[in-house]
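Enquirer: Each chain, written out:
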Amino acid sequence: MRNPLSETIVNIKPSGIRKFFDIVAEMNDPEVISLGVGEPDFDTPWHIRDEGIYSLEKGRTFYTSNAGLMELRREICNYLKRRFNVEYDPRKQVLITVGGSEAIDIGLRAILDPGDEVIIPQPCYVSYEPCTILAGGKPVIVNLKAENEFRLTAKELEDAITPKTKLLILPFPNNPTGAIMERNDLEAIAEVIIKHDLLVMSDEIYAELSYKEKHVTIAEIPGMKERTILINGFSKAYAMTGWRMGYVCGPDAIIEQMTKIHQFAIMCAPTTSQYAAIEALKNGDDDVEEMRRAYDQRRRYLVHEFREIGMDCFEPFGAFYVFPSIQRFNMTSDEFATRLLKDQKLAVVPGTAFGDCGEGFLRISYAYSIENLKKAMGRIRKFVETL
Amino acid sequence: MENIREAILTTIEKNSRIDLSELAIRLGVSEPDIANTLEELESEGVICGYHTMIDWDKTSIDKVSALIEVRVTPQREEGFDRIAERIYNYPEVNSVYLISGGYDLLVTLEGKSLKEVSQFVSDKLSTLDTVISTATHFILKRYKDHGTIMDTRTEDVREKVSP
Ligand SMILES: Cc1ncc(COP(=O)(O)O)c(C=O)c1O
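Chains as they are written, first to last, in this note's numbering: chain A, 643 to 1029; chain B, 78 to 240.
So here's chain A without its partners, still in its complex pose (with noise of 0.2 Å):
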C-alpha cells in the first residue's frame, strides 16, 4: 500500500508533554503527585456552570452564527475596554473560538503563505511552531534568556528578522516560564514591529494572572492595534478549560478570513460555552481576583522554597508557573524529571518540552493548593539532597 500520511505531519516532532505524560501514565502509581499541569485546580464558578445549565433546559442546543453569539461578543468587546483599554466592533473584529488553541490555528492559516516566517520566542507554548509549520509558514525560532527574565527584547527581535518576516508570536504571560512584558517593553518591541510592517499574534490567555502591575495588551500600544491579533479565552482566567472557549479580536479584514477558516472546520464554538461565558464576563471579575490572589500566595511560596533549597529562580509575575534552573545538578532536565519521578514520584515537566532552550529548567506549575504544594515541595528538597 502506499504510504497513507503526510510528510508534513509525520515530521512534526510530538510533544515533550505527551512524552512525559505517558511515561507517568505508565507507571500508574497512585503515590505519584504532579506539579505538571497547565490547568487551573479550581472548579469553574458555580453561577457560570449554572447559566451552562439553565441554557440547556431553555433548549439552547443549536448552533450560534459563526462568529459567535452576537452578546457574548458584546460582552468581550466591553471586558476589554474596561480591563485592558482596547476596542473592538463586536460585529466585525471578534470571533469565538474552540478555546485559544482554535485561534492560534486559523489565525496562522489566515496569515501565512508558503515560505513566511514566523518569529517564535521559547520557551513557549507547545502550539506555535507546529501550527505555523501546518500552515505553510516557517518558524523562526527566538530563544529568551534567563538573565532577561525570559522577557523578549527589541534587539532580539530585530536580530531574528529577515525580508520574509511576516509575525510575531508575543506569548506573554508566557507558559512555561510565567514571564511577562511590561508596557515598556512592549513599546520596544512595538516600535519595531511598526519599523518593518511586521503582524503580532499576541496571546494573552494568562493576562488575568498577572502578579505586578496589570497586564498591558500590545494592541492597546499606539499604531499596534491594527497590527495585533489578540489571542484570549476563559480556560485560564475563569477556570474553564473543559468548557473550550477562547476567542479573537482583530483587524476587520483578518477575522474575516479566519471566520471563513473557522466557519468550514468548526462551523461555531460549543453553544453552551457561549451562554456560559456571557455569565462569567458579566458576573465573573470577582471570581478571576480570588483565584488570581490565591495563585499570587502560592507563586511567592514556591519562589520563596525554590531559593530555600538552592535552585535559581526568577521571580515569575505572571501565568501559574515557575521555571527553575537545575544548572548545578549537571543533568539534563529531562534526566532531572525522570529521576525525581521515579525516585521521589513527583512529576514535573522539563523545560525541553517547550523549546530547545528550556534546557537546564523545569517548569513547576502552581495550579495546586497550598498543602499540595508542599508535600510536593518537600519531595523536591529530599531528591535534591541526594545528588
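No wet-lab data here; the hints were simulated from the structure. Note that CB positions come from ideal geometry on N, CA and C, so glycine has one too. Check the hints yourself; a few may be wrong.
[Unchecked claim] Cut-off 25 Å, straight-line C-alpha distance, at most; resulting in silico cross-link-like pairs (BS3-like, lysine-lysine):
{"#": "1", "chain 1": "B", "residue 1": "K237", "chain 2": "A", "residue 2": "K655"}
{"#": "2", "chain 1": "B", "residue 1": "K237", "chain 2": "A", "residue 2": "K1016"}
{"#": "3", "chain 1": "B", "residue 1": "K237", "chain 2": "A", "residue 2": "K1024"}
[As the list claims (entries may be wrong)] Derived, one-sided and incomplete: chain A residues facing chain B with beta-carbon distance under 7 Å:
{"#": "4", "residue": "G680"}
{"#": "5", "residue": "V768"}
{"#": "6", "residue": "Q939"}
Chain A is fixed; fit chain B with the ligand onto it per the hints.
Expert: Chain B with the ligand alone, transformed into the frame defined by chain A:
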C-alpha cells in the same frame, strides 16, 4: 491592590493555624508586619477567636444541633438587644442573630440529645417574658459549614501532565 489586613483575614479565615512565617512568605510582607497587624486586628475585636471546625458526626461523641426561630416583643429603648443578651448568655447557645422577615431572632444551639435541646427550649427560651413563640429545627445532616463541604474528599480529576 488587596490591603494587608484583608489579605490576612481572608487567609486565616480558612486556616487559622497557618504559621506567621508562612503567612509572611505567601503575602510578601515581613513577619513583624504580620504579627503587628494580627495584634491590631485582635485588639480591635475584628478577630474574635480561632476556632476549629469539627465534624462531630464522625466521632462517637453525641451532639445535636438545632436552629430555633424566636419571635419576641421588642422592648422600649432596648429594642431587641436586651432579649438577645439574655439568650446569648446561656452557654448552650452557639449563636444569636437578629433576622429580617417572619421572625426576629435566629438562635443556634448545641446539646447532647434531642431531649436536652427540647428541654432547653421549653424550659429556658420560651419562658422568657418577651418571647412570643419558638420553632425548633433540628439539624439532621451538615453538608457544608463555614464554606467547607463536610463530606466530599474532592479528588484531582485532571490529567497528571498537560501543556
Ligand atoms: C499560552 C497558552 N496559549 C493557549 C493555550 C490554549 O488554551 P485553550 O485552548 O484552552 O484556550 C494554552 C493552554 O495551555 C496556553 O498555555
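Enquirer: If a hint holds in the structure, say so; if it doesn't, say that too.
Expert: Hint by hint, here is what the structure shows:
1. For the given pair, B:K237 sits about 21 Å from A:K655 by alpha-carbon distance, which is consistent with the 25 Å threshold.
2. For a cut-off of 25 Å, the pair hint linking B:K237 to A:K1016 stands: about 17 Å separates their Cα positions.
3. Restraint check: the Cα-Cα separation between B:K237 and A:K1024 comes to about 21 Å, which is no more than 25 Å; the hinted pair holds.
4. About 5 Å separates the beta-carbon of A:G680 from the nearest beta-carbon of chain B, less than 7 Å, and the hint is met.
5. Below 7 Å, beta-carbon pairs count as interface contacts, and A:V768 has one with chain B at about 5 Å; its hint therefore holds.
6. Evaluation of the A:Q939 hint against chain B yields a held restraint, the C-beta minimum of about 4 Å falling below 7 Å.
The structure is consistent with each of the numbered hints, conforming to all of them.
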